[in-house]
Amino acid sequence: MKGKSGGKDFCGFALPGLFCFAAVVIVPFLYGVYLTLTDWNGVSNVKNFIGGTNFLSVLKDAQFWSSLWLTFKYVVVVVIAVNILAFAIAYLLTRGFKGQNFFRAGFFTPNLIGGLVLGYIWQFVFSRVFVGIGEATGWELFGASWLSDPTLAFVALVFVSVWQLSGYMILIYVAGFMGLNKDVMEAASIDGATGWIKLKKIVLPLMMSSITICLFLTLSRAFMVYDVNLSLTAGAPYGTTEMAAMHVYEKAFTSRQFGVGQAEALILFVIVAIISGIQVYLTKKREVEA
Amino acid sequence: MKKQVLTKCLASGLSVAMLATTLSGCRFGFASDPDDPNEVTAEEPIDTSVDTFQYDTSLSGTSITLLNSKAEIQTALVEMGKAFEEKSGVHVEVMPVTDGDSPYTKVVSLYNSGNPPTLSILDTTDIIALAEEKGADLTGESWTAEAEGYLTEIDGKIYSFPLCIEGRGVIYNGEVIEEALGQPFDPAAIRTQDDFVALLDRLVEAGLDHPISMAKEDWSLGAHHLQYIYETYDGTSDGAAECIELIKNDQLDLTTYDRMDQFLNMFDILMKYNVAYRDPLGADYDEMAIDLADGKTAFWFNGNWAWPNLAEADAEEEDNYGFLPYFLNNDEGDFVNRQIQASPSKQIMLDGIVATEQEQAAAKQFLNWMVFSEIGQQMLVKTCKIIPPFHNNPYEPSDPLSRDIYNQVQAGTAFNASAIVPNDHWAVLGAAMQKYLAGRSDRAELIQSIESYWDDQG
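For the protein sequence lines, the chains are A and B, in the order given. Note that the first sequence covers residues 0 to 289 in numbering that gives the first Met the number 0. Note that the second sequence covers residues 0 to 457 in numbering that gives the first Met the number 0.
Honestly, the hints are just simulated from the structure, not real lab data. All the pointers check out, no bait thrown in.
Derived DSSO-like pairs: lysine-lysine, alpha-carbon spacing no greater than 30 Å straight-line:
1) LYS46/A to LYS105/B
2) LYS46/A to LYS247/B
3) LYS284/A to LYS197/A
4) LYS105/B to LYS59/A
5) LYS46/A to LYS156/B
6) LYS156/B to LYS247/B
7) LYS59/A to LYS247/B
8) LYS181/A to LYS197/A
9) LYS200/A to LYS97/A
10) LYS199/A to LYS181/A
11) LYS181/A to LYS283/A
12) LYS283/A to LYS72/A
13) LYS105/B to LYS81/B
14) LYS97/A to LYS181/A
15) LYS181/A to LYS200/A
None of the values given here were measured: they were computed from a predicted structure.
Construct all of the structure, not just a fragment, from the sequences and the given hints.
Encoded structure:
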C-alpha cells in the first residue's frame, strides 16, 4: 500500500520534472555525444559515423588547447578575485549601518545587465574613455586601448567579469552572514576571539555552505564565459583572448566543423564537471553547523 | 562609531563607482557594426504610376518569409515587401538576422528546426555550402539573362539570385585633398603605387599628418585586404579559385608569389600613413567615418557599404567621394592599378525542401518583380540603396560611393573577382593580419600563417 502510494506520488511530482530534465538536458547531451562521432556539418541530412576522428582533430587543434590554458588562468584569477571581493563587501554590508540595502542593490545592479551589453559598455570605457583620460593626462597606462594589448585585454576581461559576478555572490554571502548564529558570535567574543582569529575560527567555518555555492557558481560561470568574451574583446587582439567556450562556438559555426566543435565542448564539459565536483566535495567536507 | 562611518564610506564609494560605470554606457554610443539598421538615410520617392509587371493572381494570399542578413536594408526590405504585397497579394515577412547570430548559423538552425525561410539573403560562401542540399534550382529563371557575369554557378546550375554589387578600395574625400593641396584633384591621375605615395607625402607636407584610416576589424583585414592576393591573380573569380587551389596544393609559394609581396608593400604604405599609427588595433570604426568626413584624414580603406556611416558623420550625397584602386605596383598597365574590385556579394537562395510549390512560385515572382517591375527596380536602388547587378535596371544609386562603383562598373574600370574562401578565413587570417598590423609579426610569420591555414584545409 505504502509502495503503491509512493509510486503514485513519484509519478505525480517527479515525472513531469524528470521528463523536462530529460528533454532539455539528457537527450540533447546524449545527442551531442553522438554527434562527436559523426562528420555532420550542421546542414547535411547524412551523418556518417567516423569513430574517434573528431577527438584526434581536437588533439591537433593547438588553438583549442591554448584557449583552454587561457581559460584556466582566467578562472583562477576570476574565482579568487570575485570571492574575496564579494566576501569582503558582504561583510561590510552586514555591519548594520543605515542604507545598507541601497548599497546591496547597487552592487547587484551589474548582474542585472546582460553580459553582451556589459561587454559593449566596457568596450567603450576601455577604448574611448580610458584613451581620452590618457590623452588628457599623459598617463602611459591609458595611452592606448587596453583591448589592443594581449595582456591588458586579458586584465580587462577579468576586471569586467569580476565586476559583473561579484554582485550575485555578494547577495549569497550577505545571506550567509545574516544567518550566522549570534549566540556563537557572542560566545566567541566573550572567549576573547577578535578580528582575524574570529574570522578564521568562527566565521569562515560557519560560512562554508555559502562559500561552496559561490565557488561552484563562479567556477562554472568563469569556465563557460562567452557573452562578455564576445562583446568585449571577441578574441582580439589577434585571437589572444579567445576563451574555450568561444573557440568551441567558432569551431562549430564559423569553421563549420560541428563534430570537432562538439568534441571540444564535451572535453570542456568533462573538465568543468571534474573540477566543480572536486571543489564541491572539498568545500562540503569543511562545512560545519553551529 | 568611527569604524561604522568608515565602513559606510567604503561601501558607498564602491557602490557609486559600480553604478556610475553601469550608467555611463547609456549616455554614449557604442562602436557599431557597418550594418547598423538605424543608420538608414533619407528616403527617395518611388514613382508607382507605371507598373507593367504581370502578376499571377492565383498566388494572391500566399505568405513567404525572407531572412535578411543585410541589416542596413531591413527597413527598406519591409517597405519593399509591403509594396509587393499591395500589388500581388503575396505577403513577404522579412526576418532579420539578429546581432550575435551569423547568417549561416541562423539559417542552419531554422532548417534544423524544420521551419526554414522561403528566401534567404546570404553570402556567396554560404550559398555554396547550402545550395545543392537545400536550395531550389533557379537556372531557368528569366532574370538570369539580365545578370550575366554576376551569377554563381554550382555544377552548372544557378541556385542564387545576385542581390547587389559591392565594391571596395581606398575611399577618398576629394574636397579634403583639394583644400590641402590647393588644386583640383583628379583620381585618374594616380596610376601607380609611387603616385599614391607621392600624393600622401604632399598631403603630409600640407598638414594632414597621417591621411589614412584603416579598420582593425578582422573582417576588414582578413577578407577585404588579404583577399586581394587571390582576386588579383588575374582579376576574375575563376582566377581567384585557381590561385587558392595552387596555394592549397603547394604549387604557389607565397614567399615568391609577386602579388603577395605587392600586397604587403601596399599594406605597409597604409600602415605607415595610418592615422591610428600609435595604436592601430585601438582604431575605432565609427571615428574613421567622422575623421574622413571632417577632413582629419583624406582616405579610408573600405567599401561602398560605408556610406551610411559617412552619412551619419554628416557627409552629403553631393560631396566628392570616390574610390582609388588598391595600388599593388608601379606598372601603369597592370589592371590592379587602374581598376577597383566590384562583385556581387549578397545572394538570395530559395528553399527547395520545405517550401510548397505555391510558396516557391510566389517567391520566384518576388524575385522577378525586383528585376522586371518598374517599382521593384526603383525600390532596389532608391529604397534599399544598393547597386543591382541587373543590366535592365536603369536607375543610378544616389550616394557617391555606390555611384562611383556603378560608374566604374559601367565604364569597365572595375574587376569582377570574388574569392570563395572557407567561412573562417576572415576570422583566422584576420587575426594573423591584426598581429602584422600591430607590428607583432613580420612578413615571414604572416605568410607562414596563411600557408598553414591552407594546409589545414586539405
